[in-house]
Amino acid sequence: MRRHAIRLLIYGVVLSLLLAGGGSHPVSAADPDLLQIEQAIREQGLDWTPRAYPRDFALGALPPPPAAPRKAPLPPTRLAALPSSIDWRNHNGNYISAVRNQGDCGSCWAFAAVGAFESLYALDQGTPGSFLDLSEQILVSCDTANDGCHGGDPQNAASFLLSEGTYHESCLPYHKPWNTYCAEACPGWRDSAYKIEAYEPVDRSVEALKQALQDGPLEVCYAVHDDFNYYSSGVYEYSWGYSTGDHAVLLVGYVDVPGSYGGGYFIVKNSWGDDWGEEGFFRIGYSQVDDYWIEFGKWAYRYYLGDHIDIYEPDDSSDQATDLIPGVSQEHTIWPADDADWRRLDLAAAANVVLETSGVPGGDTWIWLYDSSLTQIASNDDYSGETRYSRITTQLPAGTYYVRVECYYDDMVISSYDLSASVTGAASASRALAAGWNLVSVPIVPCHTNPAYVLQSIEGAYEMVQRYDASTGHWQSYDPTLPPDQADLAIDARTGFWVYMTDAGTLTISGARPTTTDILLHEGWNMVGYPAASALTVQQALQSIAGQYTTVYRYDPGGDLPWERFLADAPAWASTMTHLEPGYGYWIDATQACTLTIAHVNLFP
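Anchor point for the sequence shown: position 106 equals 114 in this note's numbering, and the numbering is continuous, going up by one each time.
Fair warning: there could be bad hints in the mix.
Computed beta-carbon distance windows for the label pairs [to be verified]:
1. Asp419 <-> Glu51: 44 to 54 Å
2. Asp577 <-> Tyr508: 26 to 36 Å
3. Ser93 <-> Asp496: 43 to 53 Å
4. Thr432 <-> Arg97: 44 to 54 Å
5. Ile385 <-> Gln548: 40 to 50 Å
6. Asp141 <-> Thr432: 51 to 61 Å
To be clear, the hints were calculated from the coordinates, so they are not data collected in a lab.
Computed from a predicted model, the values in this text were never measured in an experiment.
We put the beta carbon where it would ideally sit given N, CA and C, even for glycine.
Hey, can you work out the whole structure from these sequences and the hints?
In structure tokens:
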């Protein structure tokens, strides 16, 4: 273990914690803890300087309820390219209000919350260097969900700023925190209180914290150990000592330093006065985010001001639900706090379905699944003990279903999350495709007819899909570089379609095995599928339209003669095609409108 369990007892003085993680440190050239820290820093090659202070330091951040699980890590691929540094003390002006001193009261949670609010307000108003001086004491004395000087949950503080807010420092000054009551605040302060518009948790990862910092400072928490109380300057990394409790501070910036401190360091505003650390600030290595003892960012919250709406609306009811396409992850937002997102899932065949939310931090979602009559089928708020995302796994028959997603907490927003549906059928089929054009069909009923779903096994290997609609005489197309909802064609077991492959690949689909399939043919040329599991002679396969067609064509790019044909009214030697085979599409020239029926009951074991 990295902790040093041996404590030196000097002059018979027993060093003890005085307050929810506070520590007492005598100033002396022989201060035993300071000597231990200096030695540990040298031995570990760390880059910070300690010194003793003539006073104690209080903490006060309390953990959220045990029922609230950890969030999943942020996928790095979701992050935009970030600048190598940012410091809101000097980012087109200063947006960090003055360092304050919480004294011997465990109110760090209130100081971090108010500091974030003051910075956010200056950013919203565009007034760098000019800040509202808001009252921390109102939170300490009036936020009954927290415990004043005995500590507080930063999420409760955020909720208080959302529902109640705070007011000017002069309304309830912070000068006697232990015995100041809410009733002493200036009359009517709630009527004029400053409030945040929304808040959102941020994941404990370097990337997520840096991403959140692009929009302004945010409140973060971490575990303080003995050595941190001695911090004077440099980039802090844990060296020695026991945990003394959790602390809430204001994260104001970062600097990337490849090869050092875990890749860089964060810049943080403390609430221990400007005679501590680097004029009240400290720097802490990225390494401390994943450090077992420190867990920097173990709870973090960003605030929002101003008017915001759900950029994906209208989606607030089943009547407004848009398509949820299996295999295609869709980004959504839950905003404002009471927002609900609705999506519709259409299944062409019975399927095994997994509905899942994931993505960026703050994804504490709750998901519901309903049938077409809006009768609830299932719901979930956490798919494991390690995340706040949701997952429903179930089997569903063909039909229309509705999915609703909300934030687990009524007063919290989710600025971005992903919703996806994974759909697999009981049967599957494959077809090898060559580079270039391929005339294809699916021999089973796919669970969904959107081409993005049907062709997901060859994603990235094709660049165009086309289908001829004999009912209109027009070509339909799908470009995979465009959003899936812009496809003007559907792919089902009756459909033949062209796929242009940039590379050879294997198309694999899942769905249900059909028993009998009826395909409506129009007079003239029709592009059709062959939904069967086995090959049949052309005459057997087309028995239901005997005498109502003249010619059948198939395109096989791997054959000696790519175009093969069957002539219904010619001798057998005139035809180069003898069978219809699963996975291929066909052109059929019908002499009149008719219905091609393909029965397969006897073809399946």
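- Return the numbers of the hints above that this structure violates; sort them in rising order. Checked against the structure, no hint fails, so every one of them is satisfied.
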